[in-house]
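Novice: My request is simple: use the sequences and hints to build the entire structure.
So the sequences go chain by chain: Z, C and U. For what it's worth, our numbering labels the leading residue of the first sequence as 1, then goes sequentially. For what it's worth, our numbering labels the leading residue of the second sequence as 506, then goes sequentially. For what it's worth, our numbering labels the leading residue of the third sequence as 700, then goes sequentially.
Calculated from the structure, these hints are not laboratory results. Remember, predicted model here, so these are calculated numbers, not experimental data. Heads up, some of the hints might be wrong.
[Claimed, not checked] Restraint ranges, calculated between C-beta atoms of paired labels, are given here:
{"#": "1", "chain 1": "Z", "residue 1": "421", "chain 2": "C", "residue 2": "521", "range": "53 to 59 Å"}
{"#": "2", "chain 1": "C", "residue 1": "560", "chain 2": "U", "residue 2": "706", "range": "21 to 27 Å"}
{"#": "3", "chain 1": "U", "residue 1": "706", "chain 2": "Z", "residue 2": "69", "range": "52 to 58 Å"}
{"#": "4", "chain 1": "U", "residue 1": "706", "chain 2": "C", "residue 2": "564", "range": "22 to 28 Å"}
{"#": "5", "chain 1": "C", "residue 1": "531", "chain 2": "Z", "residue 2": "373", "range": "42 to 48 Å"}
{"#": "6", "chain 1": "C", "residue 1": "509", "chain 2": "Z", "residue 2": "236", "range": "39 to 45 Å"}
{"#": "7", "chain 1": "Z", "residue 1": "236", "chain 2": "U", "residue 2": "754", "range": "54 to 60 Å"}
Built from N, CA and C at the ideal position, the CB exists for glycine as well.
Each chain, written out:
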Amino acid sequence: MLHLLAQAEPFRSPTVDFHAFAPEIVLSVSIVVVLLVDLVFDERGKWATSSIAGIGLLAALVPVLTLAVDGADRSLFDGAYVVDNFALVMKALFLLSGYVTILISARYIAEGDYYEGEYYFMLLCSLLGMLVMGSARDLISIFVALELLSIPAYLLAGWRKRDLRGNEASLKYYLLGVFAAAVMLYGMSLIFGVTGSTILTEIGAALDGGEAPAPIVVVGILFIVIGFAFKVSAVPFHTWAPDTYEGAPTPITAYLSVASKAAGFVALLQLVFIGFLGRSDVWGPLFWVLAAITMTVGNLIALRQTNIVRMLAYSSVAQAGFMLAPFAVAGDIDVDRGGPLAAIPPVVTYLLIYAAMNLGAFAVVMVVARKTRSGELSSYGGLFEYAPGLAVLMTVFIFALAGIPPLGGWLAKFVVFRALLDAGTPAAIVLAVIAAVNSVISLFYYASVAREMWMRPVPDGDRAPIRIPASLGSALALAAAFTLLFGVSNVATRFGDLAIFGFLP
Amino acid sequence: MVDTIVFVLAALVILSGALGVILARNPVHSALMLIMTLFGVAVVFVAQEAHFLAAVQVIVYAGAIVVLFLFVIMLLGVDQADSIETEPIGGQRPAAGVVALASVGLLVLLAVRAVQVSSGARSTSSALDGEGTNLEKLARVLFTDYLFAFEATSALLVIAVVGAVVLARKPAAEDVQDRKGVGALGRTRSGSGR
Amino acid sequence: MDVDATWYLVLSALLFTIGGAGVLVRRNPLVMFMCVELMLNAVNISFVTFARMLNDTGGQVVVFFVLVVAAAEVVVGLGIIVAILRRQPGADADDISLLRG
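Specialist: Below you can see the structure in the form of structure tokens.
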């Protein structure tokens, strides 16, 4: 033993830039505090966990801001962990949407008899995984971040343990999730075998060949994209989404459809636009097909839904199709228009706007369900008569999702269409036409919600007004403010343009 | 020569074990077949100079994970035969067959061509055949280049422990169904129409 | 290296395919989960083989992480399966309407 130690060269611990890790460290500390508070204060301290979780998330925003002010791109561990503008914008998005999730969770968890402390513990752990994902620039970090954000999500999806539908939601999400992770890992192993590296910039340099791609590269990229297509619930890997969204607690549904989906897109953006940048001939057609069928199938099935949560689930599938569209045409964008990297800002812009409007829509669903105890579309009948404020808010969110100016959603769709037209190839034009047709289709089911609220009678004649708890109210206000702000100003596109990678191959 | 024999035997053990997992009608048999595959994989690891991983494979995978599987099977008493003959969802099985055949062909083709592709790739982190034991080299890379991912997995293990506690714990009032709370917003099962 | 690395990759591909087919064909959640473990083992063989081919310890480190993550996944997954099967004995993936779309 001793002679082994003697002959070993001295171990030099890597230098760690703690400022770069500050958001993760702050969040980790609040995770531990939440767990301890739940352990020490049994019943009396329950209320504190949600406040601590919320404060922890906001506290984690502070180092994100200081890093943004500092402005320097930081690269740690040979480029495996990077803090650049892209990472900071996405981290801010994750933290804010996590905060809204906690706001809408507060009453829901307090009123049902579900466990409290562990709920917030899981939510924060999942968010920690997302923060890591924003900076992860090598295959191992991406894999660990994916599992770190997914495993708590599997548990949260089945949080209503005594409800069979909750169990189903969890099991289905779980089985398909680990299956997709295994497929993704196999793809990663092939890419590692070809390039000899797990660092994305080095993979990007190694794959950037002019000649036809080797089949092993094609299959490697295919498997990795399939793995994340599951995460962003792209058709045909969407089958878990409606059932999981329906069975999970509604705040978790909102969280999965916004933050978890955004994390999947972040991973895709990093992998595709850093690691596989030179191989757009491989992933371009793949994303084209995914985007086209995701939009179309998501919208067509959403038309038939009578349950608002399932409808929003399929609508979020369809929205993912729009977000996938810029990927499809990235390889065709001219260099003088920004080249393939010009496809990143539309996706980021879409993610920001989508987060605001979708969280808002789910917050309204939660408020209404407090009274009607139902998620059926018909229970929204005559909402305007007894809760005009809510009806107006829901109309705002729904029409924003449909993409009607001046609400946020139109800008999101606009930047996607602009990217498609910038590419200008026949394939891109066809995709733009498909997207336009889908925008019109989506109007039907979004408008049907509005019709219920404004024109139909109250189903059971119960016109008692709905009391909105403070936390839900502030969540609604936040979401509505951002939805309107994104619609009338160019804040979202500014952030989209800001979100650029600091290190490219 | 010895290597070839070891490989052939290990491959036979791995593949027959894997087929056993998916063909056995009894979950207990599947789990035992899984152990067989895992041991075969450990042998492959040894043959590929991954000595530490081979040990971990036996201790963690075959030792802990499969025991956990068996424990759950015994706990639930789901040791009755699982009918593999009945086809639950129409078209599922032929589809699986087609997918499997296609991917076998594709993957084998790829694997054969992989070697030529990889020949030009360069190694970035520490070399595998350098000085020192396998464990030492692994540890050196793990605690320098991949230190952050390593720390992140510690959070993963805490999540697993807490999650297991949450799932296993019986709530104070087992029969209280959503006392005051808002239930799921889904349709009732009977109303789902399927 | 007596045995060509290609054969290890072929072995890995076969194991991965068997595991994948098992997930699609079997309906018992426990067995489906075992099939996912088969797929992960195929991934591990593949990484270890590439690590040897490229003379790069990084490939072996990935396997280490896959093992750790698989352990965490198994704990959570079996917890979920126990939770559902305790409520509904003998449930399989169709009873719980898997792949209902």
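Novice: Let me make sure I understand: some of the numbered hints might not hold for this structure. Which ones are they, in numerical order?
Specialist: Number 7 - this is the single hint that the structure violates.
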